[in-house]
Amino acid sequence: SQKIEQNSEALNIQEGKTATLTCNYTNYSPAYLQWYRQDPGRGPVFLLLIRENEKEKRKERLKVTFDTTLKQSLFHITASQPADSATYLCALLNSGGYQKVTFGTGTKLQVIP
Amino acid sequence: DGGITQSPKYLFRKEGQNVTLSCEQNLNHDAMYWYRQDPGQGLRLIYYSQIVNDFQKGDIAEGYSVSREKKESFPLTVTSAQKNPTAFYLCASSRAGIGANVLTFGAGSRLTVL
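So the sequences go chain by chain: G and C.
For the first sequence, our numbering begins at 50 and goes up steadily by one.
For the second sequence, our numbering begins at 2 and goes up steadily by one.
Some clues are possibly wrong.
Here are the simulated SDA-like pairs of lysine to any residue, each with C-alpha atoms no more than 25 Å apart in a straight line [as the list claims (entries may be wrong)]:
| # | chain 1 | residue 1 | chain 2 | residue 2 |
| --- | --- | --- | --- | --- |
| 1 | G | Lys149 | C | Asp60 |
| 2 | G | Lys149 | C | Ser23 |
| 3 | G | Lys106 | C | Gly17 |
| 4 | G | Lys52 | C | Val53 |
| 5 | C | Lys58 | G | Gln51 |
| 6 | C | Lys10 | G | Val94 |
| 7 | G | Lys157 | C | Arg111 |
| 8 | C | Lys15 | C | Pro76 |
| 9 | G | Lys149 | C | Leu46 |
| 10 | C | Lys58 | C | Thr87 |
| 11 | G | Lys112 | C | Val103 |
| 12 | G | Lys149 | C | Val53 |
| 13 | G | Lys157 | C | Asp60 |
| 14 | G | Lys112 | G | Gln130 |
| 15 | G | Lys52 | C | Asn85 |
| 16 | G | Lys120 | G | Ile161 |
| 17 | G | Lys149 | C | Ser74 |
| 18 | G | Lys52 | C | Gln51 |
| 19 | C | Lys10 | G | Ser78 |
Sample of chain G residues facing chain C (criterion: CB under 7 Å; computed from the structure) [to be verified]:
| # | residue |
| --- | --- |
| 20 | Phe95 |
| 21 | Val150 |
| 22 | Thr154 |
Treat the hints as calculated values from the structure; they're not laboratory data.
Backbone N, C-alpha and C fix where the C-beta goes; we use that ideal spot for every residue, glycine too.
Same shape as in the complex, but just chain G (with noise of 0.2 Å):
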């Protein structure tokens, strides 16, 4: 079956440290995978694309990395900041043509002063 796992334990670290996220799925063959920012109680918000044929996207203090091999994409928050505690979510568009984007469960990061 068609999984997207993250890390469903909330990650804690120290400001100004290096927060890594983990986006494991199997039986995809996404042309891309997303990353977005979800906020108690609202929508999430798009962060970053990064495409099958990409290794790594950087944008400010965020990167991803795309292994297509080993299926999996991790999410770097560098210098973080207590203002970068949310959840965090992978999506994927699978090969295909069609608009379907699935989510991830999502990762908690909690950034401690």
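Using the hints, position chain C against chain G.
Same frame as chain G, but now just chain C:
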């Protein structure tokens, strides 16, 4: 400002009643989506629509219905056939066609069945 508006933000319903959640977008997006989120879980796709007058079932469509009569609007009806309707419902939109399908979400509607 362009965006997606969901209403109502909070809704209470008695068992056996149908309710309709509104979703309107002014982003000129072709594709629209409905997701359901339960506590501590990710988003599960209910229905999606790529163009007006066309929509497809997602992973958990049973007990739900949608319509897409206008590009801007994609209302979701939670019917009495939905066994466990209490959840946080999220509407989203994106450009259609070959592209990145970046989703823009509304603020969500929280439905509680009493």
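Do the hints match the structure? See the list:
1. A distance of roughly 10 Å separates the Cα atoms of Lys149(G) and Asp60(C); the hinted pair therefore holds under the 25 Å criterion.
2. The hinted pair formed by Lys149(G) and Ser23(C) meets the criterion: a straight-line CA distance of about 21 Å does not exceed 25 Å.
3. The straight-line distance between the Cα atoms of Lys106(G) and Gly17(C) is roughly 49 Å, outside the 25 Å bound, and the hint therefore fails.
4. Our distance criterion of 25 Å between C-alpha atoms is broken by Lys52(G) and Val53(C), whose separation comes to about 30 Å.
5. Restraint check for Lys58(C) and Gln51(G): satisfied, since their Cα atoms lie roughly 17 Å apart, inside the 25 Å limit.
6. Between Lys10(C) and Val94(G) the alpha-carbon distance is near 18 Å, which keeps this suggested pair within the 25 Å criterion.
7. With a CA separation close to 20 Å, the supplied pair Lys157(G) and Arg111(C) stays within the 25 Å bound.
8. For the hint linking Lys15(C) to Pro76(C), the alpha-carbon distance of about 20 Å falls within 25 Å, and the restraint holds.
9. Distance restraint check for Lys149(G) and Leu46(C): the Cα-Cα separation of roughly 8 Å lies within the 25 Å cut-off, and the hinted pair is therefore satisfied.
10. Of the supplied pair hints, the one linking Lys58(C) and Thr87(C) holds, its CA atoms being roughly 20 Å apart against a limit of 25 Å.
11. The straight-line distance between the Cα atoms of Lys112(G) and Val103(C) is roughly 17 Å, inside the 25 Å bound, and the hint therefore holds.
12. Between Lys149(G) and Val53(C) the alpha-carbon distance is near 16 Å, which keeps this suggested pair within the 25 Å criterion.
13. Proposed proximity of Lys157(G) and Asp60(C) is supported: the alpha carbons are some 24 Å apart, at most 25 Å.
14. Distance check on the hinted pair: Lys112(G) and Gln130(G) sit about 15 Å apart at the alpha-carbon level, within 25 Å; holds.
15. Among the hinted pairs, Lys52(G) with Asn85(C) is consistent with the structure: their alpha-carbon atoms are about 23 Å apart, no more than 25 Å.
16. Between Lys120(G) and Ile161(G) the CA atoms are separated by roughly 30 Å; this puts the pair beyond 25 Å, and the hint is violated.
17. The straight-line distance between the Cα atoms of Lys149(G) and Ser74(C) is roughly 18 Å, inside the 25 Å bound, and the hint therefore holds.
18. Between the alpha carbons of Lys52(G) and Gln51(C) the distance comes to roughly 24 Å, so the proposed pair stays at or under 25 Å and holds.
19. Pair hint Lys10(C) plus Ser78(G) does not hold up; C-alpha atoms about 36 Å apart against a cutoff of 25 Å.
20. For Phe95(G), the suggested interface contact is upheld, since its CB lies about 5 Å from the closest CB of chain C, less than 7 Å.
21. With a least beta-carbon distance of about 6 Å to chain C, the hint placing Val150(G) at the interface is held under the 7 Å criterion.
22. For Thr154(G), the shortest C-beta to C-beta distance to chain C is roughly 4 Å, which falls under 7 Å, so the interface hint holds.
Going down the numbered hints, you'll see the structure goes against 3, 4, 16, 19, while the others check out.
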